Amino acid sequence: MTLHVRQCARRLKFAVVALIVIAAPRLSTAEELKGEALADACTSCHGIGGRSHGAIPSINGLSKDAFVQDLKAYRAQTKTATIMNRIARVYSDADINALADYFTSGGKP
Amino acid sequence: MKSLTRRDFVAASTGVLAAAWLSPGKAAPSKARIGIVGGGFGGVSLARYLRRHDPNVSITLIERDSTFVTCPFSNGVIAGLYPLKDVSFQYDQVKASGITVVNREAMHLDPVKKSVVLAGGESLQFDYLVVSPGIDLVWKSIEGYGPKAAERMPHAWKAGSQTTLLRRQVESMADGGLIVIAVPPLPFRCPPGPYERASLMAYYLKAHKPKSKIIILDSSDAFIKQELFMESWDRLYQGMIEWVPGSKSGKVMRVEPSTLKVFTGFDDYKAAVANVIPAQRAGKIAIDAGLDEGTGYCAIDSSTFESKRHKGLYILGDAAIAGEMPKSAFSANNQAKACGRAILADIGGKPFTPAKLLNICYSFAKPDYAFSIVDGFVVTSDTIQLSFADNRTTPLRAADGEHEREAESARSWYANITADMFA
Chain L
1 MTLHVRQCAR RLKFAVVALI VIAAPRLSTA EELKGEALAD ACTSCHGIGG RSHGAIPSIN
61 GLSKDAFVQD LKAYRAQTKT ATIMNRIARV YSDADINALA DYFTSGGKP
Chain G
110 MKSLTRRDFV AASTGVLAAA WLSPGKAAPS KARIGIVGGG FGGVSLARYL RRHDPNVSIT
170 LIERDSTFVT CPFSNGVIAG LYPLKDVSFQ YDQVKASGIT VVNREAMHLD PVKKSVVLAG
230 GESLQFDYLV VSPGIDLVWK SIEGYGPKAA ERMPHAWKAG SQTTLLRRQV ESMADGGLIV
290 IAVPPLPFRC PPGPYERASL MAYYLKAHKP KSKIIILDSS DAFIKQELFM ESWDRLYQGM
350 IEWVPGSKSG KVMRVEPSTL KVFTGFDDYK AAVANVIPAQ RAGKIAIDAG LDEGTGYCAI
410 DSSTFESKRH KGLYILGDAA IAGEMPKSAF SANNQAKACG RAILADIGGK PFTPAKLLNI
470 CYSFAKPDYA FSIVDGFVVT SDTIQLSFAD NRTTPLRAAD GEHEREAESA RSWYANITAD
530 MFA
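Protein chains in written order, with this note's numbering: chain L, 1 to 109; chain G, 110 to 532.
Just to be clear, a hint being listed does not mean it is correct.
[Claimed, not checked] Here are a few chain L residues that sit away from chain G, every Cβ distance over 12 Å (derived from the structure):
| hint | residue |
| --- | --- |
| 1 | E32 |
| 2 | S58 |
| 3 | L62 |
| 4 | K64 |
| 5 | Q69 |
| 6 | K72 |
| 7 | N85 |
| 8 | D93 |
| 9 | T104 |
[To be verified] Quick list of the computed label-pair ranges, beta carbon to beta carbon:
| hint | chain 1 | residue 1 | chain 2 | residue 2 | range |
| --- | --- | --- | --- | --- | --- |
| 10 | L | R51 | G | A316 | 32 to 40 Å |
| 11 | L | S105 | G | R363 | 58 to 66 Å |
| 12 | G | Q199 | L | A66 | 34 to 42 Å |
Because the hints were derived from the structure by calculation, they are not lab data. Here the structure is a predicted model, which is why all the values come from computation and not from measurement. Think of the CB as a built atom: it goes at the ideal place given N, C-alpha and C, for glycine as much as any other residue.
Construct the entire structure; sequences and hints are all you get.
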């Protein structure tokens with residue numbers, strides 16, 4: 001199922017890039033759109049733009065390497081957190097990359 | 110705001126012009142009018158999301174109440190941990206962010222014309238209409254129960270005066286009293302809510318009225334995070350909380366408000382405090398408009414939350430049939446963002462990238478002891494399914510430190526999600 005979804009997403013991405021190039025060069029790229037679409041769920045806990053109040057860590061302003069490394073470590077269960085080990089399982093490598101790009105580029109709203 | 114004045118409309122449209130003027134180089138301002146019925150987790154999250162992502166669209170939020178009291182964290186009010194004002198929010202910042210808030214009750218909506226009739230008879234017309242009305246209580250699900258009975262036997266399942274009423278009853282109860290919590294059949298708002306309520310009530314009783322007991326009369330035979338709740342009751346509240354499943358005559362069939370008696374199929378209980386939660390369905394305005402097609406909840410497209418019957422009409426939160434997503438504040442907030450993304454893509458003729466959907470839900474056993482469930486979802490063409498069924502909850506036999514950290518995370522989550530909406 002996951003693989004199927006990813007394949008669809010990849011196909012969609014090509015279609016999206018093509019559309020954007022033809023229609024309006026100022027629109028977001030497909031990568032940005034994907035990062036944002038994934039990130040919306042993160043911000044329900046980590047705060048808008050990844051800026052958190054309280055115990056949940058802020059996730060904006062990290063280096064991309066640190067962001068990717070952490071999320072992959074949570075997924076591999078080699079680094080423990082309160083709940084991120086359970087959540088990280090839903091993200092593919094490509095998802096993690098897109099999320100890292102989104103949150104390390106200043107975390108748009 | 111008592112009535113919708115011409116000035117409000119002028120103010121809103123001036124905002125649109127100013128925003129367009131301040132962002133030179135942007136495409137021509139979109140004139141799309143988006144109406145949102147319901148100022149709760151779905152509606153407010155959507156309004157703020159839309160405004161953050163598009164300064165040009167016209168956004169009107171229609172909400173009867175001037176204060177929003179959150180159901181999340183309202184069980185702490187019932188336990189006396191903090192006052193109701195700590196879980197109450199005003200719409201000032203929503204208005205200040207460039208959203209027209211119409212503080213009136215929406216009486217009727219036309220799903221085809223995308224129009225909403227307000228109390229008083231005025232009608233508002235939109236291009237996109239989003240319905241996020243929460244739940245309606247099905248009074249008839251329990252014989253003898255109704256709005257009047259709820260003044261003696263509060264449901265406290267819509268936070269506000271009912272929450273305060275239940276708090277007062279628990280507070281004035283004599284030591285040794287019996288609290289009955291009646292749990293309705295699924296699906297209902299906040300599936301772990303009744304059990305968290307029992308836990309936090311027990312926390313209060315243990316300190317102040319230790320001879321008292323709580324009995325949970327359940328329509329179902331199992332509940333979410335059941336093992337974690339029961340583990341915490343064993344550790345913290347031994348002998349104080351009894352749970353009666355539906356198969357052992359747990360389902361409440363009838364109540365008698367004058368005597369505070371609660372009847373199941375075979376047994377009856379004389380309560381000192383009766384917290385009777387009736388069955389639920391989508392908010393009345395959605396039912397009246399036929400959006401539920403007789404099923405009690407409304408069918409939606411699983412990635413956009415657009416109604417399956419009416420184009421340009423969207424349904425969010427508790428009122429929607431969202432596959433395996435539970436009816437929670439977190440779900441409504443996530444759905445709002447997915448829906449907002451879909452609406453803006455439609456307005457701008459942009460490609461739509463479906464959002465990732467999650468649900469994360471913490472429950473408290475006491476103020477420094479919480480546990481959680483984490484749901485990731487896969488959106489298919491016709492439903493929303495859990496992406497994994499295993500290891501979703503805090504493990505059993507976790508150390509106290511773990512539960513403390515979860516409690517801190519839960520408070521942080523609440524601060525962040527309410528800031529997303531109201532700050």
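Right, here's what the structure says about each hint:
1. E32: Nearest chain G Cβ is 10 Å from E32 (chain L), so the label is violated.
2. S58: violated, 10 Å
3. L62: Since the minimum Cβ distance to chain G is about 17 Å, L62 (chain L) lies beyond 12 Å and the statement holds.
4. K64: Given a closest Cβ separation of 19 Å, the condition holds.
5. Q69: Holds, since 21 Å exceeds 12 Å.
6. K72: holds, 16 Å
7. N85: violated, 8 Å
8. D93: D93 (chain L) is indeed farther than 12 Å from all Cβ atoms of chain G, at 15 Å.
9. T104: Correct as stated: the minimum Cβ-Cβ distance to chain G is 18 Å, above 12 Å.
10. L:R51 <-> G:A316: 32 to 40 Å: With Cβ atoms ~37 Å apart, the hint holds.
11. L:S105 <-> G:R363: 58 to 66 Å: About 60 Å separates the Cβ atoms of S105 (chain L) and R363 (chain G), which means 58 to 66 Å holds.
12. G:Q199 <-> L:A66: 34 to 42 Å: Taking Cβ atoms as reference, Q199 (chain G) and A66 (chain L) lie about 38 Å apart, which means the hint holds.
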